[in-house]
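Each chain, written out:
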Amino acid sequence: MQREINKTTNILFAGIGGQGIILASEITCDVLFESGYDVKKSEVHGMSQRGGSVNSDIRFGAKVYSPLIPDGQTDILVAFHPTELERNRPFLKSGGKIISITHDDADAVSNPKVSNIFLMGKLSCHIPVRRENWENVIKNKVPKAYVEQNLAAFAAGISQEQKINNK
Amino acid sequence: MTEQSSRQKVFLSGNEAVARGAYEAGVAVGTAYPGTPSSEISPALAMYPGVNVEWSVNEKVALEVACGACFCGARTLVAMKHVGVNVASDPLLTLSLIGVRGGLVLISADDPGMHSSQNEQDNRIYARFAKIPMLEPSDSQESKDFTKLAFTLSEQFDTPVMVRMTTRVCHAKTIVEIEEPEKIEREYSFEKDTQKFVMIPAYARKRHVIVEARLKKLENFSEDTTLNRIEQGADNSLGIICSGIVYQYVKEMFPSASVLKLGFSYPLCKNKIRSFCQSHKEVYVIEELEPLLYNDIKAMGLNVKGKTDKLVTGELTPNRVREIITGESSDIVPSAPGRPPVMCAGCIHRGAFVTLKKLKMIVTGDIGCYTLGTLPPLSALDTCVCMGASIGAMLGMTKVLSKEQRNKVVAVIGDSTFFHSGITGLIDVVYNKGAGTVMILDNRTTAMTGQQDHPGTGMTIMSEPTESILPEKIAEAVGVKMIKVIDPYDIPAIEDALRESMNTDEVSLIVLRRVCVLKDKTVKRLVAQVEPSLCVQCKQCLTIGCPAISSDMPPKIDMHLCNGCGLCVHVCKVGAITCKER
Ligand SMILES: Cc1ncc(C[n+]2csc(CCOP(=O)(O)OP(=O)(O)O)c2C)c(N)n1
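So the protein lines, in turn, are chains R and Y. Residue 7 in our numbering sits at position 7 of the first sequence, with consecutive numbering throughout. Residue 394 in our numbering sits at position 394 of the second sequence, with consecutive numbering throughout.
Source of the hints: derived by calculation from the structure; they are not laboratory data. If you're wondering where the values come from, they're calculated on a predicted model, not measured in any experiment. Keep in mind that the hints are not guaranteed to be accurate.
With a Cα cut of at most 20 Å, we get these calculated DMTMM-like pairs of lysine to aspartate or glutamate [stated by the list, open to error]:
{"no.": "1", "chain 1": "Y", "residue 1": "Lys524", "chain 2": "Y", "residue 2": "Asp487"}
{"no.": "2", "chain 1": "Y", "residue 1": "Lys358", "chain 2": "Y", "residue 2": "Glu404"}
{"no.": "3", "chain 1": "Y", "residue 1": "Lys481", "chain 2": "R", "residue 2": "Asp38"}
{"no.": "4", "chain 1": "R", "residue 1": "Lys63", "chain 2": "Y", "residue 2": "Glu231"}
{"no.": "5", "chain 1": "Y", "residue 1": "Lys272", "chain 2": "Y", "residue 2": "Asp235"}
{"no.": "6", "chain 1": "R", "residue 1": "Lys63", "chain 2": "Y", "residue 2": "Glu177"}
{"no.": "7", "chain 1": "Y", "residue 1": "Lys9", "chain 2": "R", "residue 2": "Asp30"}
{"no.": "8", "chain 1": "Y", "residue 1": "Lys131", "chain 2": "Y", "residue 2": "Glu290"}
{"no.": "9", "chain 1": "R", "residue 1": "Lys93", "chain 2": "Y", "residue 2": "Asp331"}
{"no.": "10", "chain 1": "R", "residue 1": "Lys93", "chain 2": "Y", "residue 2": "Glu323"}
{"no.": "11", "chain 1": "Y", "residue 1": "Lys357", "chain 2": "Y", "residue 2": "Asp487"}
{"no.": "12", "chain 1": "R", "residue 1": "Lys113", "chain 2": "Y", "residue 2": "Asp558"}
{"no.": "13", "chain 1": "Y", "residue 1": "Lys9", "chain 2": "R", "residue 2": "Asp71"}
{"no.": "14", "chain 1": "Y", "residue 1": "Lys9", "chain 2": "R", "residue 2": "Glu26"}
{"no.": "15", "chain 1": "R", "residue 1": "Lys93", "chain 2": "Y", "residue 2": "Glu328"}
{"no.": "16", "chain 1": "Y", "residue 1": "Lys310", "chain 2": "R", "residue 2": "Asp71"}
So here's chain R without its partners, still in its complex pose (with noise of 0.2 Å):
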């Protein structure tokens, strides 16, 4: 994906309370955050995690101004849900790229729990941040029992992208 230097990069994580959106966020904000970049992130609390909608806005850059992606103006839209990304869909810039779980991903995708962390390896084939600092932050962030499957499934989600990306 081409960046212009100075300019805010936005991505855009759809999906249903629940499906651990927040947790890739954090995740996904730590990483940036630790990489040097200006970054801001919004998301709502509350009665919508009642198996509503949730929607999580990341942006990054050297300044970030508004917490909120401007209408139209993101970049990467992670689709958490199949309904979600066509709900979604709409926000995205024209040219901008889509991240969800395919057909072709199937496979890789073993376990559904660790799911949002599949998404995030395939996420970070399009993020200018080293491989290593996205697996520091995973080992921090998710409880020590479970941090094998979910570095499996992050791994599983970068061969997958570059699969595609290959094609």
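Please build the complex by placing chain Y with the ligand on the supplied structure of chain R, with the hints as guidance.
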């Protein structure tokens, strides 16, 4: 980023930053009642050493506890959502006259757009009403810095100070540079001063004069402080006056405009505003909700432009800020409506609503997860005004309805809400010989706002065990005679209890008690299964609105979501659904 600076920078939500600011200011006491978007402030504050933090029973008590600590010289933080300030407004308006000893900072977390609230009142009005200063941070750095400064201002000007947050500041995360906490070496003691602390008319009249003089001093501060700053634009063609989160939207969309940023938004810095308006060709006032700044600036005789009436409702966004200035309508709408929130699978509240609907009761409701009982397919909660209103509304209805309808009125209220403001309503019913049924949905937590402890849970926010207060003991003590405590998964028992109370002319209490499924994750739960060969596709199981049951026929039950409450087993007329061990 150098090693040094990276160590001092952290990534915090606005709420976490408020707690950090209070900690750095040497705060001794923190009080709050939970409410979105403010709820994360107190848990963050409770993590810092040396701060005594409490979940208060409601916002009024939170502010009163804060008064006591502050009168003894302690710096005190009080946090609540916007509607909480209504509850706390009685002590607030008189505390303004009294002033402070230790700094007292009140965080009001407003919710423009009503992401999780029953109204979108603009609490900037409270600063004007109470004649106290208001600070409006626009990101987490300012949330920390402004909160810290607010303590100094509170002591310097002898006034409570209000910091107004909004959902987009509370729940945004941005980078914050943190500092070491101030060393506050204070002996806390109460020094008597009746003319200051006792607001009888004779003393209050004198204090009112002092408050008016205080406002003048605060106006001068507002002119001098760098919290109110002009950022000169590329030229003098366009100037924008704004505060809070709107500042970020303005910088995003109009990077070359001049901006007058009001961090200290009340009292107004009139001279600064006047000279800003005079030096720019065109000046816009952009603010969320009420046109308060706009009206004040217009009243100064200045020629400024504001937003259209349409934008008095809802929150602003970067695109709406652009729309105000260019007129270009630019909202993008999602291609489909969002999924509405639903009660969780296995929610202990669901069976009550299924039964209330079956018996065609008139249900005065309250605020909590159970308010979702109003949505289809349950459609069984008929009123919702504010926290605690269900019981009073029930009494009011029974005063005027026919006897036949009167016996159908049920007030439904959560446990946290009962402690917050249901108790007084219940006493009113008993005292005034009212009828009706009060149903307490006791899930042993404050679920809607994120599982906070309350007087019934036996735990404080500091993770200390404490007395667990039972609502039925309170009811008994105030004179309610018919009391039943029932397991909310026992649907026939709920129905029997409701039928019995419908047939009596005095008030009765039904407590439905079981721990919230989200709170207690250790319990081994059953799982429901459909036997397709027995299913007659009557769709009865779809009338309970459980997210674990799919709507295709015969229905399937998602075993990962199902919590084995058995309600679908109960409503299935042909026995096609059974609960099994996992
Ligand atoms: C005055 C006021 N304070 C706080 C809130 C935020 N709030 C909404 S519901 C709720 C409590 C719900 O707890 P409970 O009554 O136990 O019901 P539950 O959600 O657990 O079912 C709170 C604190 C509010 N709406 N109004």
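Hint-by-hint comparison with the structure:
no.: 1; hint: Y:Lys524 / Y:Asp487; verdict: 17 Å, holds
no.: 2; hint: Y:Lys358 / Y:Glu404; verdict: 17 Å, holds
no.: 3; hint: Y:Lys481 / R:Asp38; verdict: 62 Å, violated
no.: 4; hint: R:Lys63 / Y:Glu231; verdict: 16 Å, holds
no.: 5; hint: Y:Lys272 / Y:Asp235; verdict: 18 Å, holds
no.: 6; hint: R:Lys63 / Y:Glu177; verdict: 15 Å, holds
no.: 7; hint: Y:Lys9 / R:Asp30; verdict: 12 Å, holds
no.: 8; hint: Y:Lys131 / Y:Glu290; verdict: 18 Å, holds
no.: 9; hint: R:Lys93 / Y:Asp331; verdict: 14 Å, holds
no.: 10; hint: R:Lys93 / Y:Glu323; verdict: 19 Å, holds
no.: 11; hint: Y:Lys357 / Y:Asp487; verdict: 18 Å, holds
no.: 12; hint: R:Lys113 / Y:Asp558; verdict: 14 Å, holds
no.: 13; hint: Y:Lys9 / R:Asp71; verdict: 30 Å, violated
no.: 14; hint: Y:Lys9 / R:Glu26; verdict: 16 Å, holds
no.: 15; hint: R:Lys93 / Y:Glu328; verdict: 18 Å, holds
no.: 16; hint: Y:Lys310 / R:Asp71; verdict: 19 Å, holds
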